[in-house]
Every structure is written in C-alpha cells, then in structure tokens.
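Spelled out, the chains give:
Protein chains: 2
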Amino acid sequence: MELWYTEYQTENLGFTVRIKETLYTGRSQFQEIAVVDSYEFGRMLVLDGVFQTSIVDEYIYHEMIAHVPLCVHPNPKTVLVIGGGDGGTIREVVKHESVEVAEMVEIDGTVVEVCKKYLPEISVALNENHPKLRLTIGDGIKHMQEVENKYDVIIVDCSDPIGPGEGLFTHAFYQNVHKALKADGLFVQQTESPFYHQELIKRLQTDISSLFPITRLYLANIPIYPSGLHCFTIGSKQYDPAAVDISRIPEIADTRYYNRDIQKSCFSLPNFVRELLK
Amino acid sequence: MELWYTEYQTENLGFTVRIKETLYTGRSQFQEIAVVDSYEFGRMLVLDGVFQTSIVDEYIYHEMIAHVPLCVHPNPKTVLVIGGGDGGTIREVVKHESVEVAEMVEIDGTVVEVCKKYLPEISVALNENHPKLRLTIGDGIKHMQEVENKYDVIIVDCSDPIGPGEGLFTHAFYQNVHKALKADGLFVQQTESPFYHQELIKRLQTDISSLFPITRLYLANIPIYPSGLHCFTIGSKQYDPAAVDISRIPEIADTRYYNRDIQKSCFSLPNFVRELLK
Numbered sequence: 013m014e015l016w017y018t019e020y021q022t023e024n025l026g027f028t029v030r031i032k033e034t035l036y037t038g039r040s041q042f043q044e045i046a047v048v049d050s051y052e053f054g055r056m057l058v059l060d061g062v063f064q065t066s067i068v069d070e071y072i073y074h075e076m077i078a079h080v081p082l083c084v085h086p087n088p089k090t091v092l093v094i095g096g097g098d099g100g101t102i103r104e105v106v107k108h109e110s111v112e113v114a115e116m117v118e119i120d121g122t123v124v125e126v127c128k129k130y131l132p133e134i135s136v137a138l139n140e141n142h143p144k145l146r147l148t149i150g151d152g153i154k155h156m157q158e159v160e161n162k163y164d165v166i167i168v169d170c171s172d173p174i175g176p177g178e179g180l181f182t183h184a185f186y187q188n189v190h191k192a193l194k195a196d197g198l199f200v201q202q203t204e205s206p207f208y209h210q211e212l213i214k215r216l217q218t219d220i221s222s223l224f225p226i227t228r229l230y231l232a233n234i235p236i237y238p239s240g241l242h243c244f245t246i247g248s249k250q251y252d253p254a255a256v257d258i259s260r261i262p263e264i265a266d267t268r269y270y271n272r273d274i275q276k277s278c279f280s281l282p283n284f285v286r287e288l289l290k
Numbered sequence: 013m014e015l016w017y018t019e020y021q022t023e024n025l026g027f028t029v030r031i032k033e034t035l036y037t038g039r040s041q042f043q044e045i046a047v048v049d050s051y052e053f054g055r056m057l058v059l060d061g062v063f064q065t066s067i068v069d070e071y072i073y074h075e076m077i078a079h080v081p082l083c084v085h086p087n088p089k090t091v092l093v094i095g096g097g098d099g100g101t102i103r104e105v106v107k108h109e110s111v112e113v114a115e116m117v118e119i120d121g122t123v124v125e126v127c128k129k130y131l132p133e134i135s136v137a138l139n140e141n142h143p144k145l146r147l148t149i150g151d152g153i154k155h156m157q158e159v160e161n162k163y164d165v166i167i168v169d170c171s172d173p174i175g176p177g178e179g180l181f182t183h184a185f186y187q188n189v190h191k192a193l194k195a196d197g198l199f200v201q202q203t204e205s206p207f208y209h210q211e212l213i214k215r216l217q218t219d220i221s222s223l224f225p226i227t228r229l230y231l232a233n234i235p236i237y238p239s240g241l242h243c244f245t246i247g248s249k250q251y252d253p254a255a256v257d258i259s260r261i262p263e264i265a266d267t268r269y270y271n272r273d274i275q276k277s278c279f280s281l282p283n284f285v286r287e288l289l290k
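Residue numbers (the working numbering), protein chains in the order written: chain H, 13 to 290; chain Y, 13 to 290.
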C-alpha cells in the first residue's frame with residue numbers, strides 16, 4: 013500500500029509526499045500536530061495540515077531566519093525567538109559567539125515536546141538545554157507587551173497567519189516589537205511566498221515601514237514551502253541590511269546554505285518582488 | 013467535477029494542479045504533447061507528462077536563460093537557440109539590440125505549431141516571424157556537428173535528459189557546441205534542480221569544464237519546476253560570468269524577473285550547491 017499526504021498550498025495547487033509512516037499525531041490546546049516519515053524529505057513536522065519543516069531541508073529556513081539578521085547587527089548579545097518550537101532557529105542563534113542570552117517564547121509546549129522526541133537533529137539546543145537558552149512556554153504576543161528596550165534582535169519564527177500565528181502579523185504586534193527592541197535593534201519575520209502571498213507581503217511592508225526607518229525583504233529557496241521561494245522581512249531601527257560589510261561577518265560553523273555571498277545576494281529582488289514593495 | 017493533474021517530480025513527490033480544461037492533446041513523432049488550462053498557472057505546456065512552461069511563470073525561465081548569458085557576452089551578434097519550441101527564449105533574445113541573427117533549431121515542429129496556437133503570449137516572436145529570427149525544424153545535435161566558429165552565444169533550451177532531450181546532455185554534444193562557438197563564445201544550458209538532480213549536475217560540470225576554461229552555474233526560482241529552484245550552467249571560452257561589470261549592461265525591455273542585481277546575485281551559490289561543484 014502506498015501512502016501519500018497532500019498539502020493544498022493554495023486552493024488550486026497541491027504538494028504531495030509519499031509517506032513511510034506516521035510517527036505521531038495529536039491535538040494540543042492550539043493545533044493539530046503530526047510527525048510523518050517521508051521518502052523524499054525524511055521526518056516532517058505538520059501543524060494543522062501544513063508542512064512546517066523536514067529533516068532534509070530544515071537547515072535552509074533555520075540558517076536564513078537566524079544568520080541574516082544576526083549578521084546585520086554588528087554585535088547581537090540578547091536575542092529573542094518568538095515561536096520556533098522545533099528548536100532549529102535557536103540551534104543556529106547560539107552558534108554566534110556574541111550572543112549571550114537566547115530567549116525563546118513558544119506558545120505550544122506540546123510542539124516542543126514532540127520535536128524533542130521525534131526531530132532531535134533540529135531540537136538539539138533544546139534537548140541539551142544549551143547554556144545560552146532561556147525557554148518559556150507562553151504567549152509571545154503578551155510577552156512583547158511586557159518588555160521594553162531589551163533585545164538586540166527579535167526573530168519571529170511563526171507558522172502561517174492563521175491559527176496560533178495570526179496575532180503575530182498585526183500592526184499592534186509590530187508596535188510592541190519596536191518597543192521591546194533596543195535603540196539600534198532589529199527584527200525579522202518569516203513572511204511567506206512572494207508568488208502566492210502578495211497581499212500579505214504588501215500589508216506587512218506597509219505596517220513595518222510605518223514603524224521602522226528601514227524595512228527590507230530577503231529570499232531563500234525552501235523546497236517544502238509553496239513555490240519553493242520564501243521571503244523574510246526585516247524591520248530595523250538603525251542598521252541597513254543592504255549596507256552590511258560582509259568582510260566583517262564572523263565564521264559560522266556548519267552552515268549548508270548560508271554564506272557571506274548569500275548574506276548579500278538574498279536581498280537582490282526580482283522585478284516582480286520589487287513591484288510588490290513599491 | 014474537479015480535475016487535477018499530478019506530475020510526479022520524483023518517485024516520492026508530486027506536484028498537483030487543478031485543471032479547468034484540456035485544450036490540446038496529441039502525439040508527435042517525438043513525444044506526447046498537451047496544453048491544459050489550470051487555475052493556478054493559466055495555460056501550461058506538458059511534454060511527456062512533464063510541465064514545461066506556464067503563462068503565469070514562464071517569464072522567469074525565459075528571461076533567465078536568455079539575458080544572463082547574453083549580458084555576459086559584451087556584444088552578442090549571432091545567437092543560436094537549440095530547442096525552445098514554445099518561442100519564449102527567442103522572444104527574449106531578440107530584445108537585445110546587438111543581436112543581428114537569432115537562429116532557432118527545434119526538433120519538434122508540432123510543439124512549435126501547438127504553442128503558436130495555444131500560447132501566443134510566449135510564441136509571439138514565432139507568430140510574428142520576427143526579422144532577426146531564422147527558424148529551422150530539425151535536429152540540434154546534427155546541426156552542431158555541421159557548424160564551426162559561427163555563434164557568439166548558444167542557448168540550449170531543452171526538456172529533461174530523457175526522451176528527445178537526452179543527446180543534449182552528453183560530452184560529444186558539448187564538443188560540438190565548443191566547435192560551433194567563436195573564439196570568445198559561450199553557451200548556456202538548463203540543468204535541472206540542484207536539490208533533485210545532483211548527479212546530473214556534477215557530471216555536466218565535469219564534462220563542460222573539461223572543454224571550457226570557465227564553467228559557472230546560476231540559479232532562478234521557478235515555481236512549476238521541481239523544488240522551485242532551477243539551475244543553468246554556462247561554459248565560456250573567454251568571458252567570466254562572475255566578473256561582468258553590471259553597469260555596462262543595456263536596458264532590456266519589460267523584464268519581470270531579470271534585472272542588473274539579479275545578473276550578479278544569481279551566481280551566488282548556497283553552500284550545498286558549492287559542495288556539488290567541488
């Protein structure tokens with residue numbers, strides 16, 4: 013018997029993956045959680061029916077959401093990850109020597125427990141309880157309301173803007189992110205596919221640039237996400253991502269996608285993406 | 013009734029598209045040809061069951077296979093396209109003022125006729141019989157055996173390395189391409205996905221660099237192709253694609269993906285692709 017799981021990435025487009033076996037299914041307070049083992053991508057985390065990450069391609073998303081903003085900031089010491097329950101982003105953040113404290117606020121403790129058990133390659137920093145890590149199971153939106161002038165870099169590693177991630181794509185949230193950042197701080201958020209989520213990207217661009225003097229979008233190739241092209245948006249108070257001197261970027265251990273050239277070239281946008289941001 | 017067509021991009025991965033209607037199906041001397049109208053990508057050309065191009069995303073492939081090599085050469089006058097039966101590549105080639113003659117050798121006349129009828133936005137230069145165009149229905153491999161020291165740029169716009177495209181991925185073919193190019197000529201070929209076709213890419217890199225002093229790979233994001241990340245390989249006798257002075261690149265009309273920044277950044281390779289080419 014052949015098992016296939018199809019994610020409908022849009023109403024009219026499916027991404028269908030042959031499955032060896034289902035390792036876990038459950039429902040937390042917030043969402044449906046599954047871990048499947050696939051032939052093409054190895055073990056995959058599925059939340060509310062949407063592929064979140066896979067053993068085979070996870071490095072791309074996690075390297076690109078962490079290293080790009082951390083290398084825009086010249087000396088990030090205190091970093092916050094909102095979401096990122098699989099631990100992959102934290103695993104990359106703690107590689108930076110300058111980082112002293114890597115806080116993580118994830119709303120769904122069940123996702124953390126499931127990933128620690130079934131995706132240990134990704135959740136390694138959680139499993140080892142890395143000395144830089146401060147993990148809180150809690151509401152990132154509420155946390156943002158409560159802190160001020162604290163972080164050098166905030167990484168919003170969220171799922172799609174439906175379900176538990178919805179409140180992380182609002183103007184009110186970005187106001188609190190702005191308040192929580194130091195005077196030269198910056199934040200990044202995953203902002204979906206420039207092919208399929210153009211209205212969302214435009215709205216976020218407007219919201220973020222109404223609060224931050226510098227707003228930049230960058231791109232990465234992630235096979236399991238819709239269109240294979242994924243974007244991230246940076247809001248920055250002082251440092252311009254496009255003006256980074258890449259010669260001063262520190263060596264980062266064991267990256268399989270990210271390098272200094274990519275730090276620069278990921279901000280080169282095709283014309284259709286430039287048009288979106290006008 | 014909902015109609016869906018699934019292309020199995022690998023043994024374990026499908027790309028499934030909701031179809032409005034089938035506009036054409038037929039079998040030529042060389043392959044099965046279909047044109048379907050899809051909700052997500054508009055009209056799509058399907059050869060031997062594989063999506064070749066779509067009205068919605070075709071500009072990316074055609075701009076990137078044409079403009080990148082044509083802008084590496086400082087003054088391309090005589091250009092050959094092998095394959096490219098839909099006409100999209102020729103449409104882009106003739107935009108270059110320096111180009112005097114744009115030859116095209118396509119093996120399958122039925123593909124040309126079907127595209128002229130069902131994909132006129134793509135085949136426009138064929139439909140108008142553009143003054144720079146010299147179209148031959150014939151075997152590109154044989155044509156390469158017969159010419160010498162003739163072309164500034166050769167563009168190999170082929171389908172996958174199975175079926176009629178197979179002979180275009182061989183060392184013998186590249187020897188003839190080398191012979192057909194002028195002393196400062198260069199060629200480009202579409203070389204599939206760096207995620208799913210690593211052995212092919214490695215072999216071609218070896219074959220091409222055994223003949224050409226400069227071999228470079230570049231990337232573009234094409235949603236309907238496997239992984240969404242597609243690569244192209246350039247073999248060049250003299251001009252290094254990585255050393256192009258982008259300030260001297262001419263304006264090219266109506267590009268929706270390509271621009272001067274992309275000309276440069278498309279050669280920035282993620283670490284896993286660099287590893288492949290070692």
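Incorrect hints may appear among the rest.
The list makes no distinction among identical chains, and a pair is therefore deemed to hold if it is satisfied within one copy or across any two copies.
[What the hints assert, rightly or not] Pairs of lysine-lysine, DSS-like flavour, derived with a Cα cap of 30 Å:
id	residue 1	residue 2
1	K89	K32
2	K290	K107
3	K154	K276
4	K162	K32
5	K191	K128
6	K290	K154
7	K32	K154
8	K128	K89
9	K89	K290
10	K129	K214
11	K290	K129
12	K32	K191
13	K276	K290
14	K129	K249
15	K276	K128
16	K214	K128
17	K276	K32
18	K290	K128
Derived by calculation from the structure, the hints in this document are not laboratory data.
Now the hints, each set against the structure:
In this homomeric assembly, K89 and K32 never come within 30 Å of each other (Cα to Cα): the closest approach is 42 Å inside a single copy and 54 Å across copies. Proximity of K290 and K107 under a CA criterion of 30 Å is satisfied inter-copy only: 26 Å between copies versus 36 Å inside one chain copy. In this assembly of identical chains, the alpha carbons of K154 and K276 never lie at most 30 Å apart, being 34 Å within a copy and 43 Å across copies at closest. In this assembly of identical chains, K162 and K32 lie within 30 Å of each other by CA distance neither inside one copy nor across copies; the values are 45 Å within and 53 Å between.
For the homomeric pair K191 and K128, neither the shortest alpha-carbon distance inside one copy (32 Å) nor that between copies (58 Å) is at most 30 Å. In this homomeric assembly, K290 and K154 never come within 30 Å of each other (Cα to Cα): the closest approach is 32 Å inside a single copy and 49 Å across copies. In this homomeric assembly, K32 and K154 never come within 30 Å of each other (Cα to Cα): the closest approach is 39 Å inside a single copy and 46 Å across copies. Within a single copy, K128 and K89 get their C-alpha atoms as close as 26 Å, which meets the 30 Å cut-off; across copies the closest is 60 Å, which misses it.
Taking the shortest alpha-carbon separations for K89 and K290, neither the intra-copy value of 34 Å nor the inter-copy value of 36 Å comes in at or below 30 Å. Within a single copy, K129 and K214 get their C-alpha atoms no closer than 38 Å, and across copies no closer than 36 Å, so neither meets the 30 Å cut-off. For a Cα distance limit of 30 Å, the shortest separation of K290 from K129 qualifies neither inside one copy, at 45 Å, nor across copies, at 36 Å. In this assembly of identical chains, the alpha carbons of K32 and K191 never lie at most 30 Å apart, being 46 Å within a copy and 49 Å across copies at closest.
Taking the shortest alpha-carbon separations for K276 and K290, both the intra-copy value of 21 Å and the inter-copy value of 22 Å come in at or below 30 Å. For a Cα distance limit of 30 Å, the shortest separation of K129 from K249 qualifies neither inside one copy, at 38 Å, nor across copies, at 54 Å. Proximity of K276 and K128 under a CA criterion of 30 Å is satisfied in neither setting, with 33 Å inside one chain copy and 41 Å between copies. When the C-alpha separation of K214 and K128 is checked against a cutoff of 30 Å, the pair qualifies neither within a copy, at 36 Å, nor between copies, at 36 Å.
For the identical chains of this complex, K276 and K32 are neighbours neither inside a copy (39 Å) nor across copies (41 Å), given an alpha-carbon limit of 30 Å. In this homomeric assembly, K290 and K128 never come within 30 Å of each other (Cα to Cα): the closest approach is 42 Å inside a single copy and 35 Å across copies.
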